[in-house]
Amino acid sequence: RTAAFSRSIACSFQFLFGKLLRELGHKEQAMERLKAAVRLNPKAAEPYLLLGKMFLEDGDLESSELSFGQALAYGARTAEASLGLGSIALSRGEFDAAEDHLLDALDLDEQLDEARLMLGWTYFRDGRFEQAEVEFLQVAYGRHNEYHISAKFSLAQLYLERGNPEMVLDVLSRADQALFDVPEANRVKGDAEYLLGYNEEALESWSIALVKGLPETPELSLRRAVALSRVGQLELAEEVLSELELRHGADTALLELKASLRMANEDWQGAHDILLEAQRTDPNAAMIAFQLGWTAENLGLLDLSEQNYNKAVRLDPTLHEAYSGLGWLYYQRERYREALVLFEEALNLQPCNPEMLEQVAWVQLLLQDDLGALANLDLAVRLDPDAPLLRAYRACALIRLGEHDEARLEVQKALANPDDEMVEALGHYLNGLLFLEEGDDVQASVELERSLDSQELPPEVVQLTLQGPLKEKGRAAWTEARRRRGHNPEKEAGSGG
Numbered sequence: 025r026t027a028a029f030s031r032s033i034a035c036s037f038q039f040l041f042g043k044l045l046r047e048l049g050h051k052e053q054a055m056e057r058l059k060a061a062v063r064l065n066p067k068a069a070e071p072y073l074l075l076g077k078m079f080l081e082d083g084d085l086e087s088s089e090l091s092f093g094q095a096l097a098y099g100a101r102t103a104e105a106s107l108g109l110g111s112i113a114l115s116r117g118e119f120d121a122a123e124d125h126l127l128d129a130l131d132l133d134e135q136l137d138e139a140r141l142m143l144g145w146t147y148f149r150d151g152r153f154e155q156a157e158v159e160f161l162q163v164a165y166g167r168h169n170e171y172h173i174s175a176k177f178s179l180a181q182l183y184l185e186r187g188n189p190e191m192v193l194d195v196l197s198r199a200d201q202a203l204f205d206v207p208e209a210n211r212v213k214g215d216a217e218y219l220l221g222y223n224e225e226a227l228e229s230w231s232i233a234l235v236k237g238l239p240e241t242p243e244l245s246l247r248r249a250v251a252l253s254r255v256g257q258l259e260l261a262e263e264v265l266s267e268l269e270l271r272h273g274a275d276t277a278l279l280e281l282k283a284s285l286r287m288a289n290e291d292w293q294g295a296h297d298i299l300l301e302a303q304r305t306d307p308n309a310a311m312i313a314f315q316l317g318w319t320a321e322n323l324g325l326l327d328l329s330e331q332n333y334n335k336a337v338r339l340d341p342t343l344h345e346a347y348s349g350l351g352w353l354y355y356q357r358e359r360y361r362e363a364l365v366l367f368e369e370a371l372n373l374q375p376c377n378p379e380m381l382e383q384v385a386w387v388q389l390l391l392q393d394d395l396g397a398l399a400n401l402d403l404a405v406r407l408d409p410d411a412p413l414l415r416a417y418r419a420c421a422l423i424r425l426g427e428h429d430e431a432r433l434e435v436q437k438a439l440a441n442p443d444d445e446m447v448e449a450l451g452h453y454l455n456g457l458l459f460l461e462e463g464d465d466v467q468a469s470v471e472l473e474r475s476l477d478s479q480e481l482p483p484e485v486v487q488l489t490l491q492g493p494l495k496e497k498g499r500a501a502w503t504e505a506r507r508r509r510g511h512n513p514e515k516e517a518g519s520g521g
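Read in order, the letters of the sequence shown correspond to residues 25 to 521 in my numbering.
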């Protein structure tokens with residue numbers, strides 16, 4: 025009995041000495057003392073518990089799991105042992121086991137924020153985002169501040185994963201500035217800013233992250249290149265991609281992005297050549313086939329463009345861009361009914377896309393389906409009320425239907441904020457027609473001449489509007505406006521001029 029008591033005293037001494045050495049940072053010596061304590065008393069729970077923590081810190085999951093198991097076998101249930109076992113299960117991706125251990129830890133100590141935070145990560149990694157959010161929020165805004173920063177960062181990562189960048193920035197705006205000493209926090213902030221279109225801010229956040237030691241992944245390089253291109257720094261974007269290519273080689277995503285930068289510079293041949301290389305890498309990529317169709321179209325290679333658009337449709341029948349591209353090829357050939365079928369197919373795939381509605385409505389106007397066009401334009405305007413071109417097209421339909429007062433309002437909205445020269449030219453032209461209808465020939469002449477300032481007025485507009493009561497008067501006024509501006513007076517309204 026005396027010997028057993030002596031061993032117990034010696035075990036306690038070795039344990040306390042080991043604990044002190046660990047706190048002083050002498051890990052190896054501490055480990056030896058704890059092992060000595062276990063040898064003196066193999067059924068002492070406390071040395072096993074501390075050994076479990078230390079093995080876990082070293083990444084030795086098997087030894088850690090064994091130690092925590094021994095601690096539970098020889099002592100009372102403890103929150104620390106359950107927390108350790110939960111951490112091990114989480115690191116292995118064993119989410120059900122991790123949940124059981126961590127809930128057990130919280131049952132023993134509901135104030136154990138580390139266990140609650142880890143439980144949140146268990147739910148996060150298991151795809152149970154709502155449950156993860158609940159756990160993170162409890163820690164982030166709870167009474168104990170030890171894990172506030174970690175919990176807010178976890179929330180930010182969760183919201184980013186869920187595609188809610190606004191919430192990411194909201195959480196980070198209320199986090200302690202110490203969080204931004206962590207490179208990953210700046211990366212997450214930059215990713216959220218990028219998704220919201222705040223490209224300059226994203227570039228700044230990523231720059232801070234890289235300075236603080238964040239490794240530059242291929243994904244980050246691609247995003248940086250896109251952001252640089254969006255703020256007009258195309259040369260820097262090219263440099264980022266060139267560095268990425270040197271480090272990791274040229275994969276399909278990189279080649280597509282390089283091609284998009286060439287397209288942004290209207291270097292259609294350069295983009296086309298890069299896309300051909302990308303297609304050799306991934307011959308069954310529908311988007312690459314579509315982009316080859318787009319570059320070929322801009323190079324004037326319409327037959328090649330059609331081949332690539334058709335290939336894109338075969339590879340991915342849901343790729344609305346390819347149907348739209350084919351539609352515009354038929355439109356250029358004045359095969360409007362075939363174009364309409366293709367545009368309608370694109371619209372079926374994207375029923376709430378204002379651009380698809382606009383395309384269908386425009387061809388419907390050319391085919392004199394004014395009511396059908398107006399219905400599609402009404403929906404498009406509800407989806408995008410600030411689009412000047414939609415307002416101008418709607419005015420075309422209303423003029424054809426004799427609704428001149430409403431058409432005037434639409435023209436005013438189009439001209440209030442025209443986003444390109446074509447919209448401005450179209451607005452002045454339609455204004456001219458409306459002044460003709462009101463009998464104000466002088467103002468009509470001024471507006472018709474202004475529509476010729478940029479030479480951007482689509483000739484099809486003249487064809488589709490100078491009909492009915494306005495036909496003869498409008499034709500004469502348009503011809504006179506062209507003569508005044510030095511255009512060929514023989515090219516009368518409706519002749520494509």
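Just so you know, the hints here were simulated from the structure itself, not pulled from any lab data.
Do not take every clue at face value.
Said to hold, decoys possible - Computed beta-carbon distance windows for the label pairs:
| hint | residue 1 | residue 2 | range |
| --- | --- | --- | --- |
| 1 | Q392 | N188 | 23 to 31 Å |
| 2 | E243 | E362 | 35 to 43 Å |
| 3 | D443 | N322 | 57 to 65 Å |
| 4 | L40 | E170 | 19 to 27 Å |
| 5 | N334 | A274 | 23 to 31 Å |
| 6 | N322 | D402 | 47 to 55 Å |
| 7 | L391 | A274 | 41 to 49 Å |
| 8 | E86 | Q155 | 49 to 57 Å |
| 9 | A97 | R149 | 25 to 33 Å |
Glycine included, each C-beta is placed from N, C-alpha and C at the ideal position.
Tested hints:
Separated by about 46 Å at the C-beta atoms, Q392 and N188 break the suggested range of 23 to 31 Å. About 41 Å separates the C-beta atoms of E243 and E362, a value consistent with the hinted range of 35 to 43 Å. Between D443 and N322, the C-beta spacing of about 21 Å breaks the proposed range 57 to 65 Å. Look at L40 against E170: about 25 Å separates their beta carbons, and that is inside 19 to 27 Å.
For N334 and A274, the hinted distance range of 23 to 31 Å is satisfied, since their beta carbons lie about 27 Å from each other. Take N322 and D402: their Cβ atoms lie about 32 Å apart, and the range 47 to 55 Å is violated. Remark: the range hint 41 to 49 Å for L391 to A274 is upheld by a beta-carbon distance near 46 Å. Checked against the given bound of 49 to 57 Å, the beta carbons of E86 and Q155, roughly 29 Å apart, lie outside it.
Between A97 and R149 the beta carbon distance is about 29 Å. The supplied range of 25 to 33 Å therefore holds.
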